[in-house]
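Next come the chains, spelled out residue by residue.
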Amino acid sequence: MLEILKAAYDRPQALTQNRHHNLINKGSIPKYIYDYYPVNQEYYHEFNPYFVHLIAKETLFPEFRVFTVRDGIYTFADFLLKYMKEIPKWKTTFLVPASYAPIIPPQLQDQFFSYAISQKKKPDIQKAKTVIVFALLCDQYLSSYEDVEKKLSAIRGLPEDVKIEVCVSLRKSPLLQDEKENLHFIHIPEMIRKAAGNREITWLRMRDLMDKTILKDAYLLDLIHDNTLTCDSFLHYLFLSKGGMVNALPATTGKKNLFEIDLSFHHVLEVNPLPPVAKNAFVDLLFFTKLNKGELWSHPKFHAEVQKHITTSGYHNS
Amino acid sequence: MQKIACVFSFQESSWVSCQKIVFNLHKAYEGIPGIKLENFNFGADIWGGGAFDLANKIYDADPDTIVFMDHKPHPYYVLKFLLPKYEGKRKPRFIFHVFGDFTLYYADWQNLSKILVDFPVEFVVASDRQKHLIDKFLTAPQTSHICPFPVKSEEFHFQKQERVAQRKAWNVKDDEVIFTFTGRLSRQKRTHLLLKTFDETLRRGKNSKARLFIYGSPDHIGDNFLNVWENENEYFRKISRIYKSLPESSQERIHFMGNVPNAELRSVYAGADYLVNLSVHNDEDYGMSVAEAQMSGLPAILSDWGGLSSFEHASMPEATQYVRVRFGNRSKIISTADTIAAMGRSMTSHQPVDREKLIGLAREKFSIPTATQRLSRILQLPDAHFKGLSEFHSFITRRMDLNKPVYLTREQKIHPLYRKIYTSYVRNS
Numbered sequence: 033m034l035e036i037l038k039a040a041y042d043r044p045q046a047l048t049q050n051r052h053h054n055l056i057n058k059g060s061i062p063k064y065i066y067d068y069y070p071v072n073q074e075y076y077h078e079f080n081p082y083f084v085h086l087i088a089k090e091t092l093f094p095e096f097r098v099f100t101v102r103d104g105i106y107t108f109a110d111f112l113l114k115y116m117k118e119i120p121k122w123k124t125t126f127l128v129p130a131s132y133a134p135i136i137p138p139q140l141q142d143q144f145f146s147y148a149i150s151q152k153k154k155p156d157i158q159k160a161k162t163v164i165v166f167a168l169l170c171d172q173y174l175s176s177y178e179d180v181e182k183k184l185s186a187i188r189g190l191p192e193d194v195k196i197e198v199c200v201s202l203r204k205s206p207l208l209q210d211e212k213e214n215l216h217f218i219h220i221p222e223m224i225r226k227a228a229g230n231r232e233i234t235w236l237r238m239r240d241l242m243d244k245t246i247l248k249d250a251y252l253l254d255l256i257h258d259n260t261l262t263c264d265s266f267l268h269y270l271f272l273s274k275g276g277m278v279n280a281l282p283a284t285t286g287k288k289n290l291f292e293i294d295l296s297f298h299h300v301l302e303v304n305p306l307p308p309v310a311k312n313a314f315v316d317l318l319f320f321t322k323l324n325k326g327e328l329w330s331h332p333k334f335h336a337e338v339q340k341h342i343t344t345s346g347y348h349n350s
Numbered sequence: 062m063q064k065i066a067c068v069f070s071f072q073e074s075s076w077v078s079c080q081k082i083v084f085n086l087h088k089a090y091e092g093i094p095g096i097k098l099e100n101f102n103f104g105a106d107i108w109g110g111g112a113f114d115l116a117n118k119i120y121d122a123d124p125d126t127i128v129f130m131d132h133k134p135h136p137y138y139v140l141k142f143l144l145p146k147y148e149g150k151r152k153p154r155f156i157f158h159v160f161g162d163f164t165l166y167y168a169d170w171q172n173l174s175k176i177l178v179d180f181p182v183e184f185v186v187a188s189d190r191q192k193h194l195i196d197k198f199l200t201a202p203q204t205s206h207i208c209p210f211p212v213k214s215e216e217f218h219f220q221k222q223e224r225v226a227q228r229k230a231w232n233v234k235d236d237e238v239i240f241t242f243t244g245r246l247s248r249q250k251r252t253h254l255l256l257k258t259f260d261e262t263l264r265r266g267k268n269s270k271a272r273l274f275i276y277g278s279p280d281h282i283g284d285n286f287l288n289v290w291e292n293e294n295e296y297f298r299k300i301s302r303i304y305k306s307l308p309e310s311s312q313e314r315i316h317f318m319g320n321v322p323n324a325e326l327r328s329v330y331a332g333a334d335y336l337v338n339l340s341v342h343n344d345e346d347y348g349m350s351v352a353e354a355q356m357s358g359l360p361a362i363l364s365d366w367g368g369l370s371s372f373e374h375a376s377m378p379e380a381t382q383y384v385r386v387r388f389g390n391r392s393k394i395i396s397t398a399d400t401i402a403a404m405g406r407s408m409t410s411h412q413p414v415d416r417e418k419l420i421g422l423a424r425e426k427f428s429i430p431t432a433t434q435r436l437s438r439i440l441q442l443p444d445a446h447f448k449g450l451s452e453f454h455s456f457i458t459r460r461m462d463l464n465k466p467v468y469l470t471r472e473q474k475i476h477p478l479y480r481k482i483y484t485s486y487v488r489n490s
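The listed protein sequences derive, respectively, from chains A and B.
Quick note, the first sequence lines up with residues 33 to 350 if you use the working numbering.
Quick note, the second sequence lines up with residues 62 to 490 if you use the working numbering.
One chain only, chain A, in its complex shape (with noise of 0.2 Å):
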């Protein structure tokens, strides 16, 4: 199995864009991926992190030898649902975060690795000099105002002279098939003032984020719940290439991984074995196909019975 990600890792055409490039994004791309900007921004290793549904033709798989999942769990599951018999064609080894293992087909666990990201510091609120929030205003980014105000505490006991700046964007939840208003833009700002106490808060646009060029002593406080949406934020690989830190991931432990790609010198990527389960969900959810119809990423029974199975809470890619 090592061997299978040596052999893409010294292919020649590793380092170099992957020829289809200009394809991927081509084709139908489903209209929800606007509302994600900039947490699906694209970014490069030898492993291919790309989002499954945004490939635009399945045809497209086999070019890939390793491919790093970075989709939410309800598109991943729906990927594997619609590609199943598919998958073994491409000979695609994919990695996928350790907690989506219970609903990979037990028959292709082999081609199944589990990854992680890991911030190679520990990151550490109380040693930051800039504090930035972020989130996306919608029901699928975050969770309850309970849960926010929780995350949000951790500025509560910063020092006075810690910058408190902000970036929220008003977005409609991506993978909900109908509308809904919802008043995040009012309270949210509103909580984070609260947690800011008298620090004066800058606000900044999404340009304004994405143009920082020095990160060092910075730390991403993202708001970000759960993998509904993605399980691998561009955000944090802003973040950390640039030096800063980010709440969501774990620091690196120093133990041995199968293989390891440095994404930046400041984290890395750490691939091993898929782990066991204790119960394989994929026929559950096959199950579930036969008796509900219609697009499964946007079915709010499709989500509840996903999260049947999945053990991990909040955001992980581990």
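Derived from the structure by calculation, the hints contain no laboratory data.
One thing to keep in mind: the hints can contain errors.
Coverage of chain A stretches by chain B, computed from C-beta distances (three or more under 8 Å per stretch; other residues unrestricted) [as the list claims (entries may be wrong)]: (1) 68 to 75; (2) 272 to 282.
Simulated pairs of lysine-lysine, BS3-like, Cα-Cα distance not exceeding 25 Å [claimed, not checked]: (3) K244(A) with K299(B); (4) K248(A) with K81(B); (5) K257(B) with K38(A).
A short, non-exhaustive set of chain A residues, derived as facing chain B with CB atoms under 7 Å [what the hints assert, rightly or not]: (6) L47; (7) D294; (8) F297.
Ideal Cβ placement from N, Cα and C applies to all residues, glycine included.
With chain A held as given, fit chain B onto it using these hints.
Showing chain B alone in chain A's frame:
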């Protein structure tokens, strides 16, 4: 009292070197006697209606001279509203400070040139070689003027105690020769070559008393003119693999320090013994990091490309060692032999330079008071009425419209047009 309108973005550029340039240029203008400056915000947010309002504000201020001192947005987008207002009236003089990205905006300059005819115009460039390049685009007898982007001597100078402190922070010994690079880790800045040549120099000299401290973050700009496109993080992966392929003894001597605030760079230059910059970037009109390093008394090993050629001093040849650059079939080629030789000499025959002498020479060229004098002379020149850009510029603009790689032949080799433009950046070409 001459009224000067300074047009620039009040918001800091995301291009780090440009943040300092605008601020320091403004300081240089402030030092000119007998002028009154008024500032106008022309930032990336100002399009359409905002540019129209800005044009009205500038017009109402009735300046004698309008100075564009930022690299973007392109002046065309406000001047298309402003210039028609001067029909039949006294025309102000325009001064355009030209940045390295001039050659990214042929179409915008071409559009601007049509409406700028007969206005008094001066183009100010940052180096001799950039002048050579830009003058190809101007119609004789108009030529550009040189005013290197200034550096604040309060920000960059040398203090012995800073050197001691920085070397302690780096945990390096007194007899270790320290090389440093500051800037974007980039294909066009040849970071990958820097790693390889440093390693090779260590191995040939069997010298374990040298270290390389690299400050900056990788980009993914690639080399688009030569059809090399990179994804985000692709270049980092390349240099990471190169670094990991080096022997451990070399890896231990190379340190990636990431991005640091500008205020920390003075200490870096104080602690180091040599700056190394092997850039062959299309946009290398100058070399702000080199200017700052020299203002801190740091000698340099530089590629002989573009604006980096500005940093030799006839009375102090030891301050700068140049590495030859030529055009290959597919890319710009830096002499690896020259690079290794220069690093090798620096490692084995290292003699500390007279930093204060170098600082004095650098201040004569790059300080804010020097820039003030140069700009003052430019302002005193008789009006040079703009006659349009050259036929060469028009030719390039037309080719750009054809929507295919302009600078490559069908065989994917460097096109003669690219050589014709960038021959200005190569010595004795």
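To see whether the hints hold, each was checked on the structure:
no.: 1; hint: 68 to 75; in the structure: holds (count 3)
no.: 2; hint: 272 to 282; in the structure: holds (count 3)
no.: 3; hint: K244(A) with K299(B); in the structure: holds (23 Å)
no.: 4; hint: K248(A) with K81(B); in the structure: holds (19 Å)
no.: 5; hint: K257(B) with K38(A); in the structure: holds (23 Å)
no.: 6; hint: L47; in the structure: holds (6 Å)
no.: 7; hint: D294; in the structure: holds (5 Å)
no.: 8; hint: F297; in the structure: holds (5 Å)
In this structure, none of the earlier numbered hints is contradicted; all agree with it.
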